[in-house]
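Throw the hints in and build the complete structure from the sequences for me.
Taken in sequence, the protein lines are chains A and C.
Residue numbering for the first sequence follows the numbering used here, starting at 0 and increasing by one per position.
Residue numbering for the second sequence follows the numbering used here, starting at 868 and increasing by one per position.
Hints are computed from structural coordinates only; laboratory data are not their basis.
Nothing here was measured: the structure is a model prediction, and the numbers come from that model.
Even for Gly, the Cβ is constructed at its ideal location relative to N, Cα and C.
Hints may contain errors.
Each pair of labels, with its calculated beta carbon distance range [what the hints assert, rightly or not]:
| # | chain 1 | residue 1 | chain 2 | residue 2 | range |
| --- | --- | --- | --- | --- | --- |
| 1 | A | G75 | C | R1015 | 53 to 63 Å |
| 2 | A | P242 | C | F1240 | 45 to 55 Å |
| 3 | C | R1015 | A | D278 | 11 to 21 Å |
| 4 | A | N458 | C | T1238 | 55 to 65 Å |
| 5 | C | S1123 | A | R300 | 40 to 50 Å |
| 6 | C | N1034 | A | V54 | 39 to 49 Å |
| 7 | A | F447 | C | S1123 | 28 to 38 Å |
| 8 | A | W643 | C | S1123 | 27 to 37 Å |
| 9 | C | H994 | A | K232 | 57 to 67 Å |
| 10 | C | F1240 | A | L286 | 16 to 26 Å |
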Amino acid sequence: MLPGLKSITRTAAILAASLTIGSAAAFSQSPTPSPTPDIEPSTGPGITSTFEVGVRGVDVNGNDNKYRSDLNYKPGFRVFDSTFLINNKEGHSNFFDSALVTASGWGGDPSGVFRANIERTGFYRFDTNLRHVKYFNNLANHALNEHNANIDHGFGDVDLVIFPESEKLRFRVGYSFNRTGGDGGFTTRAYSDEFPILSNVDTSSDDFRGGVEGKLFGFNLGLNYGFRKFNEKTNYFINGFNPGNNPANTASFSTFERRYPIEGTTNFGHFFVQRTFADRFDFTARLIYSLTSTNFQVNERITGRDNSNNQVDLDGFNISGETKRPQTRGDVGVTYRVTNAFRISNTLTYDQFNISGGNSFFEELRRRSAAGVVLAPVFTTTFAHRVTAYHRTTNLIEGDYQINNVFAFNLGYRFTDRHVQTDGSDRNVAVPVPTVIMEEFDNQTHSFIGGIKAKPLKNWVIFADIEDGKADNVFTRLANYDFTNFRIRTRANIKKFTISASYIAKTNDNPSQSVEVPPVNFSADTRSHTFTTNVEWEPMTELALSTGYTYQHLNAETDIIVPVAGLRLPGISQYFVRESYYYFDVHATPIRRLSIFASYRISDDKGQGSRVSTRPQDIITSYPMTFQSPEIKLAIRLTNNIDWNIGYQYYDYKERLVNAQNYSAHLPYTSLRIYFGRAADR
Amino acid sequence: MATRMVTAMCDANHIPRNHCRITYLLKRSHSNKSTMPFSARQIKLSSLALVTLSLVVWLAFGAVSEHASGFAQPSPTPAPANDNYVGTETCAACHEAQFKSFEGTKHGQLHSLESWKGKVVGCEACHGPGKEHVDSSGDKMKIRSFKRMDSKAIADTCLACHAGKENHNNFRRGEHWRNNVGCTECHSAHGPEPPNFRSSSITFPANVAHQKPGQATRAMLRSNEPQLCMSCHTETKAQFSKPFHHKVLEGTMNCSDCHNPHGGFEQKQAKLAVGADAACIKCHSNKAGPFVFEHAPLKVEGCSACHTPHGSANPKMLKRSSVRQLCFECHSSITEQSAPDVPSFHNQAVLRYQNCTICHAAIHGSNSSATFFR
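Structural data, given as C-alpha cells:
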C-alpha cells in the first residue's frame, strides 16, 4: 500500500475511533434516551451517528483473477457506511454549526471513502473527500493477459470557502492529490517481437487552487487560479530472460530497463461573471485559460538478441523533449424571460487548444553476429515535432414555452464549427530532407432539439426530448454523422407506489467512403435502445419493496478494411449487446428487534447469440455473460443503540466465451452497528 | 393566538413587529432550560477529533470572525419596508410542521446572521408577502405556492439568491433546466423528511432515509447520491452494476464527481477538471498529456470515444469487447479522416496481430514513438 494511503487509512481510523470514543463519552453522560412519539428530523440538535464495523469472509471458486478484477473484496475487518453528525441547531457554537463525517469501505473493501463537511453558516464551509481504490486487473482476454495491474489509487480533495453565504465577498482555497502506485504488467515492441515487461507504477499529481468571488456593481464575479504539478515515475524492467511472444524469430531480451520520468505543470485561470437584469434577462459568461507544460526523459537499455540472431550487447535509447498545451475556453449564455411562460436562450461556447511538442531521439546499437563478429555500431538521431491544433465553436439557440401547468415544450438549434489540424516534421540527421506531416479537417454541423414536459396529473410527470442532426463527439470516426437521439421518461406516485419508466433510443449513421478506386460506401451505424422501469412500494412502515428491469439492445455495424495474408479485404465489424438487468429488493421489519434486507440482482447479456464470423476480415463480438448476486442481511436489535448484523452475499459470474473466466464467491458477513444520539430513535 | 402572543411580546420588549422573531424570543425564555440532550462541553469533548481539524481552520481565520457580520447578504426581494410581510412566526401558527422542519435548515438560520437583520428571511423570502394570505384566512391563491409554479419559475425563484455562485450560475445552460427539471425536484426547502429506518445492503451504502441521518441536509437534498439521481436516471443503475464500473453504487464516487447537477456549458452537464480538462483527468491524470504524439480522438472527441464511463462488461470499460475491433473502426482507409491504415503485414488471421495494444502499448499518447510503441 502506498505510504500516503497508509497514513490516510490510519488517519481515517483514528478519526473514526475518536468519533466513536468521543460519541460514546458524550452519550454515556446523557439521560437515558427514550423513544419519542414524534420523530423529529435528523437536523435536530445534538449528535446523530451510526458506526458499523464488521468482518467479512470470502470464498472464491473458479477464476480468482477475474473475481479480483471485478470485485476484489478481501476477507477481514471493514468499516462500512458510517456517519457522524453534530448539528448545533440552537444558535451558533464557537466552532461550527454542523459537522458531518461519513466513511465507508475501509478495510477489506476494494474502495473506500471518507468525507467530512464542516460549516458555520455565514462564516466558512469546509469539505474534504478522501478516497482509495485497490485496482486489480488480470484478465486472460485482454492484451494476452500481459497488461495487468495491482495498484492502489488514493485521491482526495480539500476545499474551504470563507463566507460562503456572503453575496459581497467569498474566498476559496483548495487542494487535491492523486497517488497511484503498485505493480503492473506491460508490453514493449522490439526486433519484430513483443515482450511482456514488468512495471513499478508511480504517478502523482497535486492541485492547488484559490480564488475570490463576490458582487461588484451588481455583477456576480469570480476569479480563480489553479496550479497542478504532476509526475510520472513508472519504471519498466524484466526479471530474467524474456523470449518474447513471437516464437518465429530469434529476438529475446536478456536485460531490459526503461526509466521514463515525466514532469509537468498546469497553470490555469478561471473567470466568471453573472447577472440577472430586472428579473428577466440572465447573463452568464466564463473564461478559462490553462497552460500545461511537460518535460520528459526516456532512458532505455536492452541486451539480448535481435530477430537476425545477432547478439545485442547494447541497445540504448535516450529520448528527451517537452510539450506545451495552451488552452482557451470561453462561454457566454443569455436567457431572456419574454413573458412568464416564454423564454429564449442562447449559449455560445468556444474551445481552442494547441498541443505542440518535440523530442530528440538518440539510439546506440552495438551488436555481434551469431558467430561473435563485432558489427559496426549504429547510431540513430532523429528529431520530431508535432502540433495538434483544435478549435470548436458551438452556438445553441432555444426557446421554451409553458402552455399551462400541465404542458411545456422547448425547441432549439445547435450549430458547431470545428477545425482540427495536425502538423509535424520528422528529421533524421542521416537524411537531409525532413518528412513533413500536415492534415487539416473542417466541418460544420447542425442539429435540432426539442422536448416536452407534461404533468397530466398532480403526481404523474412525463419528460421527452429528441435531438436530430449532424454532430461530432460520439463516434470514433472524425467525419460528420447523422444522429437521432430520443428519450422519454415518466414518473408517477400512486398512493404508496412510485413507478418510473424510461426509453432511450440512439440512432447514429456515419456515411463515409473508402480510399479504394472506385470508392466503396463505408458506413458505421449504431442503433441503441434502452428500456427501463422501476417500481417502489411501501405498503407500511415495516415493509418496502423495490424492483426494476432494464433492457439494452445495441447493434453496431461498421465497414472496415482488414489485412489478411497480405491482402486488404473489405470486412465488417459488428458488436452486439442484448442485456437484461433485473433487481428486487425487500426491506422488512417483521418485529421491532429484527430487520431484514434481501436483494437479488442479475445482469444477463445474450450478446451476439449464434452469430459467428466466417471470414477472417469480419469481426463479430459481444460480451455474453451473466452476473448475479443474491444477498440477505438480518439486523438484530440487541439494544436501543446496537444492532448485530448477519449477512451473506453470493456472486456468480459466467461468460459464454471460449476460455470463460467463470467464478463464484461466497461472502458471509457479520458486523455491529452502533447508534448514537438521535440515530438511536429508529 | 400565537400571532397575538408574538405581537404582545414584541410590544412589551419595544421590538418593531416586522423585526420580531418568535424563535429569538423562545430561545430567551428557555435559556435556562436546555432542550439539548447534551451539554455544550460534552459536544466539544465528543467532537475533539473533528475540532482538531476545524480548530486549525478556526485559528487561521479566527480574526476574521469579527468581520463576518459586515457583509451584505443577497436580497431576493426588497427588504420588508412595508406591512405586507407578516414574519415567519405568523406562518408557524398554521404551518407548524413545515416551520419545525424549516428552522433546522440553513435557510431557517439566516435570521441569526447579523447581515440578514432587517431583510426578508424565512417563509416569505420564497413564498412572497403573506399579509393577504393571512387576512383571507389562508386563501392559497393569495400566496406564492410552489405547487402551482412550473419548474422554470421555481428555478428562477431559487436563482434569485443562488445564481451568484459559479456552481449555480449556469443552471439555465444545462439539461435539467432545458428539460424542465426544477430545483425542488432534488432539494427540499423545508428540510428533508424524517428518516425512516430500514436495514439495507452489506455492499452498497444506504439511502439517506436509512441509517444515514443528516447527510441529505447537505444542500437540503431530498435524498443522497446516487439514489437521488437514479430516481430519474433509472438506466444508470444497470450500467453501474456491470462487472467493470466506476464505484458509484459502492459510495466511493458520486454522480457529482463527474457531472454538475446544476448544469453548465459542457454537454451532458459534465464537469471540468483542472483548467479546461475533461472530468476524467481529475483522477486519471497520467492520461492527460500533453504528448508529443497525440492519439487525436482522445483530445478531440474525448475519453468517451473509446470508453463507456458508467460501466461495461468489456475490460477497461471499452466500447467493444475486442480492442482490435475498436481500432479497425477508425483505421480502415476512410477518406474523411487521418487515421492511418493498418499495415498489410498485420495479418488478422494470426493471433499475434489481433491484440493491437500489445505493440501499440502507449495508446493514450506517446512522447517517444509516433506509433505509440513506448
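How the hints compare with the structure:
1. A/G75 x C/R1015: 53 to 63 Å: holds, 56 Å
2. A/P242 x C/F1240: 45 to 55 Å: At 19 Å between Cβs, range violated.
3. C/R1015 x A/D278: 11 to 21 Å: holds, 19 Å
4. A/N458 x C/T1238: 55 to 65 Å: Hint holds: Cβ distance 59 Å, inside 55 to 65 Å.
5. C/S1123 x A/R300: 40 to 50 Å: holds, 47 Å
6. C/N1034 x A/V54: 39 to 49 Å: holds, 40 Å
7. A/F447 x C/S1123: 28 to 38 Å: holds, 30 Å
8. A/W643 x C/S1123: 27 to 37 Å: Given a distance of about 34 Å, which is inside 27 to 37 Å, the answer is holds.
9. C/H994 x A/K232: 57 to 67 Å: holds, 59 Å
10. C/F1240 x A/L286: 16 to 26 Å: Given about 39 Å between the Cβ atoms, the range is violated.
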